[in-house]
Amino acid sequence: MEVTMEQVLGHLNRTEPDYEQAARLGPEALPLLLRLVQEGDPRLASRATWLAGFINAGQSVSVLEEAARTSDSVVRIAAAGSLRHLSELPAPLANDLLSDQDSGVRLWTLKALETHLPGDFKPQVERIAANDPKEELREIAGGVANQLP
Amino acid sequence: MQLPSLLDSGRIVGPGPVSIKQIARRCNLQFPLSLRAFLRAPGCPFSRCIRIHIKVLTNPTVTVDAMLRVMRQIYGTAGIRVEVVSREDLTGIPNFTALNNLDVGTCDGSPTSEQTALFQNRNNVGTGDIVVYFVQTMGASFDGCAIHPTGQDGAAIDQMAVGSVLAHEVGHVLGLRHITPSEDCSKAPGTSGGPSTTRLMSACWLGNLVGIPVIDASEINTMTGSSLVRAC
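First to last, the protein sequences are chains A and B.
Going by our numbering, the letters in the first sequence line up with residues 147 to 295, in that order.
Going by our numbering, the letters in the second sequence line up with residues 148 to 379, in that order.
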């Protein structure tokens, strides 16, 4: 079923979007979400990214990758926060976000790792636990590292 | 007992500078007027109150005071005074880093574990008080969320929220729902069937609102019927 930009905006242009309902638009909405991220309005781009995570289909990762490349930290935070909604963690993207300059992005990525508990991230998380400039993030990373296999 | 500041007492309500004398006259207070008498006068300027505690993890782009000014004008139309009982600055406190990036899930139904943890921070909060937490992000996905643990009434607000989000979220806490018939948020604001440009409880993005938003008689009934609205 074709999804229109009107339908997508109808869901995203809300104070408290209902992402579960919006996700029923399905993977057909993903090219439109990608376009919203590329167009660069931070409010819509971050919500489009969040919805892409809820849709949780193969092409969702492309939307999150585009969001992770933006200069606006709010949009990158949405990309990091959306990782936890994906059934499979895209490791290269998670790795990039884990070394983001914004501490909020790193924090949301750590939260996603706590959800997925991937097997190959322990060294990176331990590095954050030892070296991150933010003390509180070092503590949180230490807790996540202990949970990782 | 310590007196609240004039601003936080919520007794000054209006779009612009309002004379204390004018309000005091409306409240039948005697002159010469003492500030103490003014701040303690029952029913002045309204006979109903809500008590709010502000806890700031991240300062919002639109200041808390600007949001409160909007809220007081709206709630004033319902005869409700908005008293700020306490303000707590939690910015830069390491323990709050994780909660400052708050996972609210789908902001529907039950609170997440992070919301539950955040709402446990209740310094100075009494029974029937409302707590508003200002956070850095909710995953950049919501402007505000009024889901809260039972008996810990309150809401969380994103730092990028527009000025009427505080009044909107506390409106939810007081039992208000989004307006019906539901709006088509994809349309241009103010067009037929499109987002309201006047109603506080519009479901669409509140940046569409023009001027001070309104609440209708039925919404006022709901608010004044809330157990959180008390005589004062």
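I should point out that these hints are in silico values taken from the structure, not numbers from a laboratory.
The structure presented is a predicted model; accordingly, all values stated were derived computationally and were not measured.
Where is the CB? At the ideal position from N, CA and C, for every residue including glycine.
A couple of the hints might just be wrong.
Computed from the model, here is a short list of chain B residues facing chain A with C-beta under 8 Å [claimed, not checked]:
| id | residue |
| --- | --- |
| 1 | T253 |
| 2 | S257 |
| 3 | A287 |
| 4 | A350 |
We went through each hint and held it up to the structure:
1. T253: holds, 5 Å
2. S257: violated, 14 Å
3. A287: holds, 4 Å
4. A350: holds, 6 Å
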